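Turn these sequences into a full structure, and let the hints steer you where they fit.
Mapping the sequence shown onto full-length UniProt numbering, position 178 (from 1) lands on 178, and the numbers just tick up by one.
Treat the hints as calculated values from the structure; they're not laboratory data. Certain hints may be false.
List of simulated lysine to any residue pairs, SDA-like, C-alpha gap at most 20 Å [what the hints assert, rightly or not]:
| id | residue 1 | residue 2 |
| --- | --- | --- |
| 1 | Lys186 | Gln154 |
| 2 | Lys55 | Gln95 |
| 3 | Lys148 | Arg163 |
| 4 | Lys144 | Ile61 |
| 5 | Lys86 | Arg114 |
| 6 | Lys105 | Arg163 |
| 7 | Lys405 | Ala394 |
| 8 | Lys307 | Ser35 |
| 9 | Lys187 | Tyr158 |
| 10 | Lys204 | Gln154 |
| 11 | Lys251 | Pro182 |
| 12 | Lys187 | Arg163 |
| 13 | Lys194 | Asn220 |
| 14 | Lys110 | Arg163 |
| 15 | Lys110 | Gln18 |
| 16 | Lys316 | Ile33 |
| 17 | Lys251 | Ser201 |
| 18 | Lys253 | Lys307 |
| 19 | Lys251 | Asp217 |
| 20 | Lys110 | Ile74 |
| 21 | Lys316 | Lys110 |
| 22 | Lys186 | Leu238 |
| 23 | Lys105 | Asp122 |
| 24 | Lys186 | Gln229 |
| 25 | Lys148 | Gln124 |
| 26 | Lys144 | Val100 |
| 27 | Lys187 | Trp224 |
Keep in mind the model is a prediction, meaning the values are calculated, not measured.
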Amino acid sequence: LIGVPPTGFKVYRVYNNQQEYEMERLTDSLMAIPSESRFVVRLGRALQVGEYRIKLFLLHISNTELFNLMMESIVAKNTPVREFKKQIIEEAKVQGIDCVLELDKMRLRKKTWRSPGTVYLDHQLIDKDIHVYADSEMYVEPLKEPEKMKLPTQMQVYVRRWRPSECSVDPTEEIILDTASPLDLKKKLSELSKIPVDAISVAKGVGSFPAEISCLDIENELEWDPAIQSISQTPFSLYDDGGVIYYKDNKEKIELSKIIELTNEITALTKFKTGILKERDDLQQSLAQSSAEKTKLSDQLKEMKKKAAALENNLKLTQIKHQENLSQMLADIASLKEFNETLLVTRDQLQKERDQKLAKSNELENEIATLTAAKTEILKERDDLQQSLAHSSAEKTKLSDQMRKIEEKVKELENSWKVSYKDVTLLHHKLGSG
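Next up, the structure:
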């Protein structure tokens, strides 16, 4: 139907919420799927046993707006992360993806909605150390330097420096923590920023990644230097990689002019926001007014859907009926074809018999002609004989009379002989006695 082998396409089932789920288990029975279910067929290699399809997203910390789907890749169970990285690099080259990836300067990590999570280490195995499932998602994160995280006990944290005197926040960087100690966190930040450990203040970013916050709120909204013994405690509650920490030099003071400048900017933005909100309210009011029309259209659409469903059912029934008729017609055609072949064979046999009988008829006609000629000849001979017999009839009568006369003379002679014999006998007798 689609011109590709069974392994060259994927089948997705579409649910009522329009979510699509790939049908991976080829041994599943279709009997469990309700009638009128929807499916989507897409070209691409189907999964084999022990394989997983992973959606890969490109993560650029320098530009948090770029959470783009990079590509899909298929990985086998028990594949080491490092081998999967090599595979990703090769597939990205083949697909012409505009991204420079180096094996030792990239990492794979868990993707939870938009937030980056656990960093996957090179020696870890897919589906053994790393739990994967249908349509799992991962981040591919290019690094500026070779990967520093080597142990699962370490924790990767994003840090952003707040500069009160400038009312600005530096670009996001990262550190690798060996322990969950707040002191260890400050030491790592001191190495990064050259701020003395005792002059560093820290606070956990609020909200989902990248945990951005207004510069006017950063001092008061964030909880700076909470009294905790571990960054896993509230309010930090860091249990996994990818958390965002703000830090500052607590000896650096905020300037009033900067606050006024930011306040003016915020006022202008607030006015702009108010205008946008008014336009939104007007639009919502307009939408509310058209609600009745929308409801009417919705009812009409439902009615049309019902009619379409009824037509589709009728079409299915008609197709089934036509299919049955077609099957019967094909069977009849096959039977007629067989009967026609039989007729052709019978015709050839009859033609052959007719030719034989025609030849025999010709022979009989020839024999009849010969016999007729012979009969004619015999009849002629018979006529000649009859004529000859008619001519000899008078002679026969004359001969008969002569024969009768001769017989009469013979009888007379016999009688004369008898008399003579008697006379002789008497004479002999007389002579003997004398």
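Original post:
If you draw a straight line from the CA of Lys251 to the CA of Pro182, is it 20 Å or shorter?
Top reply: Since the Cα atoms of Lys251 and Pro182 sit roughly 19 Å apart, the hinted pair holds (cutoff 20 Å).
Original post:
Straight-line Cα separation of Lys148 and Arg163 no greater than 20 Å?
Top reply: 27 Å, violated
**OP:** Assess, step by step, whether the Cα of Lys144 is no farther than 20 Å from the Cα of Ile61, and give holds or violated.
**Re:** Measuring from Cα to Cα gives roughly 11 Å; hence the hint holds.
Subject >> 20 Å limit on alpha-carbon distance, applied to hinted pair Lys105 and Arg163 >> reply: 30 Å, violated
Subject >> Straight-line alpha-carbon gap Lys105 to Asp122, limit 20 Å >> reply: Given pair Lys105, Asp122 holds - Cα atoms ~12 Å apart, limit 20 Å.
**OP:** For the pair we were handed, Lys55 and Gln95, check the Cα-Cα distance against 20 Å.
**Re:** Holds - the C-alpha atoms of Gln95 and Lys55 are around 15 Å apart, at most 20 Å.
**OP:** Please work out if Lys316 and Ile33 have their alpha carbons no farther apart than 20 Å.
**Re:** 18 Å, holds
Original post:
Holds or violated: are the alpha carbons of Lys148 and Gln124 at most 20 Å from each other?
Top reply: With a Cα-Cα distance of about 16 Å, the restraint between Lys148 and Gln124 holds, given a limit of 20 Å.
Subject >> Proposed proximity, Gln154 with Lys186 (alpha carbon, max 20 Å) >> reply: Distance ~16 Å between Lys186 and Gln154 Cα, so the pair holds.
Original post:
Does the structure keep Lys110 and Ile74 at a Cα separation of 20 Å or less?
Top reply: Holds, at about 16 Å.
Original post:
Does Lys186 pair with Gln229 here, judged by a C-alpha cut-off of 20 Å?
Top reply: 13 Å, holds
Original post:
Hey, Lys253 versus Lys307, does the alpha-carbon distance stay inside 20 Å?
Top reply: Cα-Cα ~72 Å, so violated.
Hints 3, 5, 6, 13, 14, 15, 18 and 21 from the earlier list are contradicted by this structure; the remaining hints agree with it.
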